[in-house]
Amino acid sequence: MPRVGQDLRQYLQLDAMPHVWCPGCGHGQVARGLATAFERLSLPLERLVLVGGIGCSGRTPFYFNANALHTTHGRALAFATGLKLTRPELTVIATMGDGDTAAIGGNHFIHACRRNIDITAIVYNNGIYGMTGGQQAPTTPRGARSVTTPLGSLEPPFDIVQLALAAGATFVARSTTFDFDELPALIVDAVRHPGFAVVEVLTQCPTYYGRMNELGDAVAMLDYERDLTTPQREITKEGLAGRRPLGVFRREIAPEYTAQYAELCARQAERP
Amino acid sequence: MPRVGQDLRQYLQLDAMPHVWCPGCGHGQVARGLATAFERLSLPLERLVLVGGIGCSGRTPFYFNANALHTTHGRALAFATGLKLTRPELTVIATMGDGDTAAIGGNHFIHACRRNIDITAIVYNNGIYGMTGGQQAPTTPRGARSVTTPLGSLEPPFDIVQLALAAGATFVARSTTFDFDELPALIVDAVRHPGFAVVEVLTQCPTYYGRMNELGDAVAMLDYERDLTTPQREITKEGLAGRRPLGVFRREIAPEYTAQYAELCARQAERP
Amino acid sequence: MIPGFARYAQGAAALHVNRAWCKGCNLCIAACPSGILALDADQRIAVGDIGRCIFCGLCSVRCPDFVFVLERPSLGSVEARA
Amino acid sequence: MIPGFARYAQGAAALHVNRAWCKGCNLCIAACPSGILALDADQRIAVGDIGRCIFCGLCSVRCPDFVFVLERPSLGSVEARA
Amino acid sequence: MKLIQGNEACALGAMRAGCRFFAGYPITPATEIMEWMARLLPPKGGVFIQMEDEIAALAAVIGASWGGAKAMTATSGPGFSLMQEHLGYAAMTETPCVVVDSQRGGPSTGLPTLPAQGDVMQARWGSHGDRPAIVLTASSVRDVYEVTVAAFNLAETYRLPVVLLLDALLSHMRENVELPEVTVVDRRKPDATGAFQPFASTAFQAFGDGAPIVVTGLAHADSGRPRASDGPNLERMLRRSIDRLETDRDAITRYRGIGLEDADHLILTYGITARSAAGAVQQLRAEGLRVGLLELQTLWPFPDRLVVDLASRVENVVVVELNLGQLVMAVRAAIGGAAPVRHLGRADGRLFSPEEIAAAVRAGEVAHA
Amino acid sequence: MKLIQGNEACALGAMRAGCRFFAGYPITPATEIMEWMARLLPPKGGVFIQMEDEIAALAAVIGASWGGAKAMTATSGPGFSLMQEHLGYAAMTETPCVVVDSQRGGPSTGLPTLPAQGDVMQARWGSHGDRPAIVLTASSVRDVYEVTVAAFNLAETYRLPVVLLLDALLSHMRENVELPEVTVVDRRKPDATGAFQPFASTAFQAFGDGAPIVVTGLAHADSGRPRASDGPNLERMLRRSIDRLETDRDAITRYRGIGLEDADHLILTYGITARSAAGAVQQLRAEGLRVGLLELQTLWPFPDRLVVDLASRVENVVVVELNLGQLVMAVRAAIGGAAPVRHLGRADGRLFSPEEIAAAVRAGEVAHA
Amino acid sequence: MTPGDPVQVRFAGTGGQGVMLAGVLVAEAGMHDGLHVVSTQSYGPEARLGAAKSEVILSRHEIVLPEVRVPDVIVCLSADAWRKHGRPLAAGGLRIVDERAIPPGEESAPDTVVLPLLATARDLGPGGELSANVVALGAFIVLTGVVSETSVQRALRSRIKPALLELNERALAAGQALAAGAAVLARQPE
Amino acid sequence: MTPGDPVQVRFAGTGGQGVMLAGVLVAEAGMHDGLHVVSTQSYGPEARLGAAKSEVILSRHEIVLPEVRVPDVIVCLSADAWRKHGRPLAAGGLRIVDERAIPPGEESAPDTVVLPLLATARDLGPGGELSANVVALGAFIVLTGVVSETSVQRALRSRIKPALLELNERALAAGQALAAGAAVLARQPE
Ligand SMILES: Cc1ncc(C[n+]2csc(CCOP(=O)(O)OP(=O)(O)O)c2C)c(N)n1
Ligand SMILES: Cc1ncc(C[n+]2csc(CCOP(=O)(O)OP(=O)(O)O)c2C)c(N)n1
Ligand code: SF4
Ligand code: SF4
Ligand code: SF4
Ligand code: SF4
Ligand code: SF4
Ligand code: SF4
Ligand SMILES: [Mg+2]
Ligand SMILES: [Mg+2]
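Residue numbers (my numbering), protein chains in the order written: chain A, 1 to 272; chain B, 1 to 272; chain C, 1 to 82; chain D, 1 to 82; chain E, 1 to 369; chain F, 1 to 369; chain G, 1 to 190; chain H, 1 to 190.
Incorrect hints may have been included.
Simulated pairs of lysine-lysine, DSSO-like, Cα-Cα distance not exceeding 27 Å [stated by the list, open to error]: (1) G/Lys84 - E/Lys44; (2) F/Lys44 - F/Lys2; (3) H/Lys161 - F/Lys2.
None of these hints come from the bench; they were simulated from the model.
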């Protein structure tokens, strides 16, 4: 029996609840995944900073009892970088939407991956801009509808995992809101990883993506998520058959930025 | 005997010569590669638009007898996208520095790759910011010196080719200024490719990168480039041994953006 | 009792439910193997026969709104941490 | 003649050199298999014994400054395109 | 007569003006403009594209304009801040285009769904360096349509980026309107004769429509070629652009007046706020106070002659705006001591009611008496 | 006594003020500031990082400030335009930090190596929405050092981003200087007692230094928690920040006067231009004209009381700046009709000479007589 | 009630209950009735969740203030919305509230008509629960007379997808019927 | 020449000829001499190529205009620089020019001293060609008297890497020697 149903209220900012997300929005499930991971990590909440972008997902920090830095659209990782460099002892986790991460914030994302700074990025990928009302995201599948692609998107979507890998992130994983057990486990691994870690989470936006693409309610969308993906261990010889693989794609120890910087300072420190 | 030494003056803006680049700067060699390619492509120059970013490399368009759109730092591809969408019949080539492309312009770069719009991006990678006087670029190798990394860079560099591949570019190649024969050939292929094409060119900045990293003059730097790279055909079973591979990494035909868009308009066009 | 949560007990175990946070998305209902969950007329969660609950916790992991807390000996008392 | 270029002839072939564009980087000099190129006191390119030139064009492909144009029967006359 | 949303009217106006390119990035409260353009453009063969951010959106618009298309983007405060570099680029390269900024409560993410008039100075001064600027605004859904067309016309006439300021309320509200007849100005093509200097006049040649053209954000000659350290030449070109606006100031200045002829008290305002001000004038006139209303549709270039002229005929001026004091600086600077100027401002995401404005005028009247 | 470059003085001032974080992106003519910081910070355990662009640079600075470090970035026009969104964010989140803008000829890429004073209005109004703003400038290498320290002190005192405007000439020129003694203001820590409201006062608690803190660019309560549609609360907080500056206006206003006591004619200027103006005063006084010079180091909040006060005692005012008319608007708005105001401006990348300024004053004197 | 001029109307409910559409329908009907109309609505996350509202101002004159300060009519479909948008109400105004939206004790307020709007809608058959907004609109016409029935029907035809039109016409009628009984109650002395 | 106050000095040459350093050395020497100094230089691509310049203003008073309008002294090392920065010159000013930088016909101008600066530098031995700037500086001291020899030597010691100091000291001396002969010529009647 999975270890589930814990009382996670201590991690939550109770007066901010109920949260702002729509009925059945996967973002709430990601938030639960985070809370579960915090419990497993036994993190002191005053040492944890959640850095949010702008979007439905970016609001995550408001619902936790940790430090919250709610930034600007797309720039969460740039703020996080300054903070982490100044306070390497703090645990810094960025919660970002797919638009946030890969549209306006694409550059900060690939640079954070490249620098290998010890920050964890949780990318809530719902294939759409939720907050602003259902516009195309750079993750919207070709042909899918949104209010700005009423006839179906012409653009091939980004694969966030591939982008993170190419940009140099040292921990890269993908999960979904369907995988309630795997998700917190991956977050735990990502936070423990000493370097830049990306966890892409496929999550449902029933309000826009679901409705505009006739995928049904949140319950149906979870099934859709399951059918769209394959845990890596289950990938057969026939390959992915168009499904997106899940799990950890890279876990590599490489020089971490703040550690290297500290060493540089130590070398430079003025002798008395 | 290679077909070399042609009179390329008709492609050049003669009153702008001599160009602004330093003695031995590889950017001039890339420019020659472009002129050679134009000759082979028999492009009418009034139908060619060179879109430059800001940087030494970004000045390339001024030296050609074609249309020149000299834009802002990092944004050449965003301007080029608007132009190409409006005038799909024009040939649009962007000339951009590595800082231009991968630092401030990283996001526009990956998005242009993703959209697969028929633009050719020539990335002049000299591992440094030339124009502003030798600061670290996102392509500066770890440990290399620049005026902003006086003790050696701590950051792992981007691999532009990997980034372009992950972002979805359908033609991706790498060459160097050493490879005077291969370079124009790749540019020709890139321009002919019906989709987004990236040609990364390793080029020398003797003034800053060379001097600060004690690599000698332009002559020595060309040898250094040769030693740093391996044509794909020469890659042995032992692998790259730390060298960067050259040649074409992807050449794939996929739906091109302006063509798809035209088709969408045709479907939508009001019936009389 | 957890403030704001109703407690549905079955021996030493109990299901705590915060109706005020429920948004009526049906995710828990679809997940519950015992079929004891449903929405009421206000479109909020209602617990049916708690005697049939197997304390699998699937309702809690599926719920995006932190509506459920399970109280089982193995998890420790909720009060102890309230 | 190409305006601004000096012409160094060897029979039907010739090397045209635009000294005004030269920046003295040595790239052509290092590339020339015949060793007939050098910098003068102004740090600009000077052509030595054109009789030893093999018209390989390596000077032209290496030069970042478009200093050289080769005139060979196979390439057509430069004048025709000037 | 139709029930139309402000943002829809903006899109319809753009289409009517001949806009055939839209690049944007979603943001409340401007998003519906792009949603409408996404539907309206393809059937006309126009281009709609959602870009990766606002910086890219304006870049694409400028690129499209050099391709020959009338082009536009729409955003709100945060995106408008990001567009400042390219607004300056468009001015420097004399690129006709239209940028709509539907203002919401700032600063920063602020009050994302509430109306404001807090970007009025930014629209003029947000980019680095000096530049000519045309900034328009509107107070009703019908005006939005008309002023959008005017924005395109001015952009084409003066080869400049034109900013149109809306606000969250005007963008989102629906009103019954009869869309008016409008005149459309098209891009001025160069005369066929003689060598064309692309930056010598307001005649415009797109890429591919003739001999090659050079465009750069560096200081440049009339030929377009860079002159990156020729300051006097740059100043000459800037002043020439600015003078064009100066010369045509009366034509560029759009405004609406109520009771200006015999006014003793002047209310100066613009945009959504002008509606309540009209109500205030009605109330005050009913009380016997001779109050006039100047509703500016052209905010920049600031119509100083018009304002000085009116101010010198009244006892006092009240400037009303949904910010903590922006256009009032231009008003004060323009009129010198001609009349005392008071400011009625707020930044709480709400409108002024006619009563609040009337009270402010009355207070001034008393203070002055 | 040392021969120091303006940009070096800025870096030395920052180090002296306790700056321990610098994030930047290279750009002429500001780059040497970052090059110096890259050398000066590591030995002190401070952080230097070159970011992917200017947007990220200011973001990182704000992040670092919330980590408790005194933090700064430096840029020029194009980068400053890109920083506008985050300048507003810093103001909204009451984040102390310093942004240096070394002005070059604009608009756009413009005249990249030549001096200008074209970002004066942008520094105040470049971001969307209303916000409190402190903007300083300097006219000599020694001043650069001192004013940089002052910028940090004001940032810490008022919990605001402070902009320091230099120019291409001042940044790059070397001058012999004796670095003066300075006072350094440190960040105000919250009192140990009672529950801390992070936005109720200027006391500042960094992340990790106590109970969790909430920071957002949305409108928010004193607790930091978002109140995204509570306009009155936002206006209250904005006015509180602005009022803090209002209350301390005299302390914030840095200026230098020459011959103000008995002046009949006032030259008002700032930055590099003030040097020539001082020369002009000397020349004119030698001719017997009673001319005074007001050199502002604090441009915003605009010291209107000081200016009105001086203006009302002179026959005329000449505002001299390297732009086509920017601060002059604030001058005119402030003094009403107290004295006629003329503007002497240029945007050609050159300075005014003392003779040119003197001639302008003489012309005004004649016109007035 | 006897509406003054301008009339300010608010529809409040939970995201998804169609209060936006209700506002637009009233505005469009007002337009057909020859009135000046302005309609606005709440935006952002709030509009999708908890308490959403849409507002309409109708007048024989040009509308100067396009912002509702104190509504003359509030139509309310959910408890959250009642809490957030149920007050204040103009003197002489009217509130039309679903029976489940109003907390016990408040039903008897003299300016408030409590009706089983949602239940009536649900009874209309499959998909009926989504037409509570139009049921409310039916009641609104009868109880306020702000816009005419014919104009509302015309607005319905222009704004509702053909497939759903019949259902919504029935919803409108049901709302009118529902209110007919309550109407007498609502006419207060002036 | 007899310098006035302020004195405006320009060093002009090709990128890489060290005109920036020459300017800084004069400024620093001026500082050691107790003068107010401002030094500026050209930036950007121009500074690396073609014609670069650096300028110094020296005065017993505070320097009001930190921009050289018409130099009193121009020291010029290359033909490009001569074309771009070789004029105008203040009345009574002086130009010190390398023999190869000046076009035939202009050598005989009365305000111009032509010297083999580059050739002298080259003759100093390995690396010598890079010290033409300091050779020029030596000539400058002798011909203008704007800054003192001791102060220039002090500036050299603070700004030149130890490994190159000896070479540069020899360059300075060589420049002084070179100018000594020409000096008489350069002293014009006032
Ligand atoms: C500079 C800027 N541009 C645009 C916006 C408007 N905006 C807010 S959230 C958002 C996108 C949200 O999508 P995503 O990041 O995928 O998050 P989601 O809401 O789907 O979780 C946009 C475009 C903004 N706030 N700032
Ligand atoms: C917004 C902005 N930031 C910074 C600059 C300054 N800048 C000009 S070119 C350049 C980098 C040049 O490096 P790269 O792109 O690699 O081109 P290269 O000169 O090496 O060819 C920078 C930072 C600018 N012009 N605009
Ligand atoms: S709009 Fe979509 S992403 Fe946003 S809260 Fe609703 S369901 Fe979630
Ligand atoms: S600085 Fe470097 S990149 Fe720029 S022109 Fe010189 S050698 Fe080339
Ligand atoms: S614990 Fe399991 S059985 Fe019990 S209500 Fe939840 S899902 Fe159903
Ligand atoms: S999953 Fe949660 S929010 Fe959804 S219906 Fe069940 S209890 Fe309510
Ligand atoms: S053509 Fe060949 S041989 Fe002749 S000069 Fe050039 S490189 Fe030398
Ligand atoms: S390669 Fe060209 S620029 Fe270099 S030395 Fe030879 S001719 Fe001159
Ligand atoms: Mg999303
Ligand atoms: Mg580079």
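Results of checking the hints against the structure:
1. G/Lys84 - E/Lys44: 45 Å, violated
2. F/Lys44 - F/Lys2: 22 Å, holds
3. H/Lys161 - F/Lys2: 18 Å, holds
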